[in-house]
Every structure is written in C-alpha cells, then in structure tokens.
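Between the sequences and the hints, there should be enough to build the whole structure, so can you do that?
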Amino acid sequence: MNKKYQNKKITMAHGSGGKASSDLIKDIFVDTFNNDYLATMEDQARFEMPKGRLALTTDSFVVSPLFFKGGDIGKLAVTGTVNDLAVSGAKPLYLTCGLILEEGLPIATLDKIIKSMQKTAEEAGVKIVCGDTKVVEKGSADQIFINTAGVGVIDEGIEVHSYQAQTGDKIIVNGFIGDHGAAIMQSRAELAISADIASDCQVLNHLVEKILSVSNNIHAMRDATRGGVATVLNEIANDSKVSIIIKEDSLPVRTPTRGVCEILGLDPLYLANEGTLVCVVAAIDADKVLATMQQTKEGKDACIIGTVTNHPEGIVALSTLFGGTKIIDKLIGDQLPRIC
Amino acid sequence: MKYVDEFRDPGQAKKILKAIAKLCSEIKLAEDRPIQIMEVCGGHTHSIFRYGLNQLLPEKLDFVHGPGCPVCVLPRSVIDNCIRIAENENVIFTTFGDAMRVPGSSKSLLDVKAEGCDIRMVYSPLDALTLAKKNPEKRVVFFGLGFETTMPSTALSVMQAEKEGVDNFYLFCNHITIIPTIKAVLDSPGMRIDGFLGPGHVSLIIGTKPYDFIAHEYHKPLVAAGFEPLDILQSVWMILKQLKNGEAKIENQYARLVKDTGNASALNPIATVFELRDFFEWRGLGSINHSGVKVNEKYRAFDAEIEFNLKAVTVIDPDVCQCGEVLKGILKPWQCKVFGKGCTPETPLGALMVSTEGACSAHYSYGKNIDLINIKTQEQ
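In the order they appear, the protein sequences are chains A and B.
Heads up: the first sequence begins at 45 in my numbering, then just goes up one per residue.
Heads up: the second sequence begins at -2 in my numbering, then just goes up one per residue.
Please keep in mind that the hints were generated in silico from the structure rather than gathered at the bench.
Among the clues, some could well be false.
Unchecked claim - For lysine-lysine, the following DSS-like pairs were computed, each having C-alpha atoms within a straight-line distance of at most 27 Å: (1) A:Lys291 <-> B:Lys15; (2) A:Lys374 <-> B:Lys110; (3) B:Lys329 <-> A:Lys374; (4) B:Lys(-1) <-> A:Lys291; (5) A:Lys285 <-> B:Lys338; (6) B:Lys57 <-> B:Lys12; (7) B:Lys11 <-> A:Lys291; (8) A:Lys374 <-> B:Lys338.
So, in structure tokens, the structure goes:
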C-alpha cells in the first residue's frame, strides 16, 4: 500500500468524485486488480465474450466480523459470485466490484480486503474489470459493504437446472457442512466458545469444470450458502417436484462444528457454507462424479448424502440414526440459540 | 464425539425398544386407551422429535408434551412489559435468543428491535452484566426466564453486580418453578397421565426429593431423565417397569449428573436473591400459585419491575387457542382447532407454536407429512 495512506481513514472526500476519489481508485483498486480492462478508467469495461450462453449474477456481502478464520469479506465477495456462476455450469470470466464504505474505515483495512479479492480472483481465473465506490456517514453502514456482479459463459450442451432432479438421482456434497456459519459465530466476540473451525470459503469453478467433463448426467447444482444444505435441498425438491431423502449417518460434519451446534442447539444442516455445493447426479454417474470430486482439493471430503425419490413432492426428509424420519423444513427466520 | 455418541447408539436403542415393546404389551390399563407419559421438559420434546423416537415406540404408548418449555409458557403480558422496558430511552434490553420471536399482544421483541429498540441477544446473564459495565450511561436489563435450570446463573449475576457496585444492571425476573406446575397438571380435571419423564437439568439443580409427593400423593411414577435418545428410551423403560409392577416411585436415570439432594452451590444463590411470588400467570395454563419467583427485598435495587414501574397486566389468550388442553395432555397438538391453520411457526397464535421446543412447533416441523413418506433406507 502507498505510504501516504498509512494510518489514514476513509473520509467523505473519498466518495466525492474529486481528487481524493480518483487517487484512491488508482492507488488501491487499479493497482491491485491490475488488468487492462480496468486500467482504461472508463465508465464501463468492454470485452469480447467467447461463444455460448451468458450467465449473469449479483450478490452483496455484509459480514461481521470482516475477517474470520478461513476468510474475509473480500474473499467471500469473489467466491460467492464465482460459485453462483459455476453451479449453473458456466465458466466465470469477469466480475464487478461495488463498494459502500463507512466514513472512518482504516484505508489499510480496505487495502487488505481488496488484495484478498484479487488473490481469490486469481485462484478462480477471473478478472475484476469495473467498480464503484461510495462513502456514507459514520453509522450509516457497518464498515464496508461489497457488491459483486459476475458474468460467465456456458458451453453448448451443458444444462444444469434446479428443476431437473429425477427419481433415483444421488445427492453429493463436496465436503464438510456448516463450517462457515460456525466459524462466523465463534469469531463474534459475544460468544465465548473457542473451537478450531475455519470457514470453508473457497472457489468451486475448477471443481465444477472437472465434474462436468466426466459426466453429462449432472442434473442440478446449488452452492449451499445462506440457509445451508437444508435450504438448498428444499429448493431443489420444490423446483423439481420430487422428494429428497438424506441419511443422518452420512452427513459430513466436523467434530468442532458439531460441538458448537450441540452447545447452542443449532442444526449444521441450516448453517451457511461458502465453498460447499450440493450436486444432484444420475445414479449411474454418481460414483464417477464422486471420485472426480475427491481428487480435487475442494472436494477431497466429498460424499453421497442422499437420494431423490418421487413422492411426496417438495419434501426433504432425514432418515435418523435410529430409523426414524424427520422433515427437514425450510427455515423460518434465523436459527436462534435455545435457552437451556 | 465423546460423551455424546455413546448415548446415541442405534444398536443399544434397538435393544431397549424391544424391551419397551414387550413391557407395553404386558401392561393392562383399567380403560382402553394408550399409556400416556408426559415429558415435562421442552428439551425432551425436542430430542424425541429430533431422533424420531415417537415413531419407533409402540402405538400403545403416547408422549404428552408438558409445560416445561419456559419460552412457550410466557404470557403475552410479560412480552408486552419487555417491550415497555425496551422502549425507554437509553436502555439496552438483553434476552436469550429464542424469546425474541414470542408474540406479545401485538408485537414481538424482534418487531420492536426492527423499530429501533436496542435489543441484544445474549448467551448468559453475565454477558448482560458485561454490557452494563461497558455502557455506564445506559440502563441494561436482562430478561431472566426459565425454570430452576437457568435461575442460578441469573442469581449469581445479580450477586456479582452488587459485589462490583454495578448500578445500571437490572433483572426483569420471569423465572418459574417446576413443582407447582407439575402439581397443577396433576390436579387438572380430565388428567390422564400415567407417568412422568422428569426434567433432567431442573433435577440437576433441585434434586429428586421435591418430586416425592408425585409418588406418595398421586401414585404416579417419575423418572428424572437425561436428554440423549438412549437416556429417554431407558427412562421410558423404567417408567413402564414401574407401571407393570403396579409401583409409583421417583427414580433417577440421569445419575451421571443428578444427585437426589440437588446441587447446593446452585440452590444457595437462588435462595439468596429470589422469593416466591404469590402467583404467576402462564400462557395456556392460567394463574398458578407460587409458580414464579421475583427479586427479593435485599436486591430490589436490581429489580426492573421496580425501576421501570411495571404493573402485572393480564392479557387473555385468544379464544381459539387450545394450548391449555394440549399442555395437560387432553388434546394432541394437531387436534387443536387452529393448528397449522391460524397458528403456524411463522405466525404463532399460541405459546406452543413459538419455540422449537414447543410441542406444536415440533409437530408442525417434524411431524407434518411424515406418514406420507415411505422410506426404504436400505435401498440407499
């Protein structure tokens, strides 16, 4: 970071459009994101697109705390949008970066976040090609809010839709569930639980590309962010008009995450993930897709957690360790810790 | 996970379930109806549904979900008073998470938080005390609720506040006591409970002696039970064994934590800070004598009722609400007129739909459509 920003904070001047704004843009954003599209400093980025259908998505990020074990808001802002594109079967190409900064944010913090965005973008192989910065008065935002939009391209023949789950399909997840939600909870100072949990925050486009190259029978994919795996399964069951049965003894949950959930009375199925996807694949290709995932670093702990059945429509059920059944419903509001 | 998985062993569960089925077939009741066991505590209700135990037990055996979900039995008037406190200038109102959604007469704490009241979720009353120390210019109120399980930590926090001279910390005390409540259930007309699963964590505090009257005067068995599935199944088996032998005893299944005499270090602060109220208003059950506690004279400086000049106002539950009948075991949740229609977890009318430990909420979330599903687990 340029020395002139040491110990400096964001002021209203940085959002005024004047010299302070343009200096900040050049010194922090253009330098870090470092690509020809951005360097022109025009009001828009212009680029050629390869052949195929376009996929377009947008997402906003408002996490507190900004830095947590396994990631930070900048990394999230890239993984979230990259993964939303990837699960459609698209190859993510370009991202935008819209920032709302609270007056008083240390510029060093902003710089750290922007560098983290760039590092994650490099991992994903995408470029951040345009952006916007606004500053609001102290108290009007919580330090920094980020919006990223992303565009990608879907190769011909790839059709992955949440309405395509079919009876007999297998449900695969690429790794342990609930780690992001648990990591955020324990990063918040008010919760005096110490557990060694890192967010699963990671880009999934390379993993998706690999599994799509070995199977034409991947019917549906979703990244299981807010609301967790349970919510995504409910969306797929609803959209595909099928029932999904998952088995309690096959759910991959790390022991520390389970511990936090046991203490607070929460269910890891509903905790947020930031690098975990649910993949619905025809039974015939399930083993092949699973093995391919397991060869990647993002999917080395992948496993099959359930099966699609035809009836009753729109229902997700968990078959418990004891052979009982319970409905995994959509969450009403947030999960709230129980009193005793 | 150690100390957890041992108590969730499906193999052991199968063995106990077999023994339970055998006992059930051997018990002859005077009338032709299922054996009814009340689990007093909401924690048990939660476990029963979470592990699907209700589906695994014989048809001849019914669980009746008791009044032991402290969030569920909070009357509307108490939530209204919480809101009255929170609406004051310079007040931070702190509460356990699951009380946030409980509806008052017209709003919940979540609603008024959105309107700008400073309401914060805490995990312990000590967190509220810490907030008070950090914000000396504000009045910080802790919403104390729960049975004897949560009373000691509340009492200790008040004692700590006094010791440290924190003069901006207040307790809005709505703690309730278990014994008068069980007695009210036993005395209610049409009561059909054959035995009780005793609340494990309340028993950890008060011991098992206070339950003796249930065996002696009402001739019903009670087994103090843990919360893991094997704890619950073993306790059910112990109750059935008593029923088969025509016995009524107080037994302790949760012996790894519960002592017959309770826990003196927890009971002392309760006695130091609290005194019994003449009566306490329960949602669904009405007023029960001596079923609640308040801050005593010595600690009145910490009493939010005095500080905020609160009056006990009775707010009648809606006519259509049949929580009372469900709590007493007379109706099953789904037999209530408004279950799943006017009253859902999204828009709860009655108390039992509010917390995930509430009998109706548990049935709604876990029980709905369950009969429709024909799972062939072995195929997976």
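Do the hints match the structure? See the list:
1. For a cut-off of 27 Å, the pair hint linking lysine 291 of chain A to lysine 15 of chain B stands: about 23 Å separates their Cα positions.
2. This hinted pair checks out: lysine 374 of chain A and lysine 110 of chain B have alpha carbons roughly 24 Å apart, not beyond 27 Å.
3. Restraint check for lysine 329 of chain B and lysine 374 of chain A: the C-alpha separation of about 24 Å stays at or below 27 Å, so the hint holds.
4. For the suggested pair lysine -1 of chain B and lysine 291 of chain A, the alpha carbons sit about 21 Å apart, so the restraint of at most 27 Å is met.
5. The suggested pairing of lysine 285 of chain A with lysine 338 of chain B holds, with an alpha-carbon distance near 24 Å, which does not exceed 27 Å.
6. Note on lysine 57 of chain B and lysine 12 of chain B: the hinted pairing holds, with a Cα-Cα distance of about 18 Å set against a maximum of 27 Å.
7. The straight-line distance between the Cα atoms of lysine 11 of chain B and lysine 291 of chain A is roughly 18 Å, inside the 27 Å bound, and the hint therefore holds.
8. With a CA separation close to 18 Å, the supplied pair lysine 374 of chain A and lysine 338 of chain B stays within the 27 Å bound.
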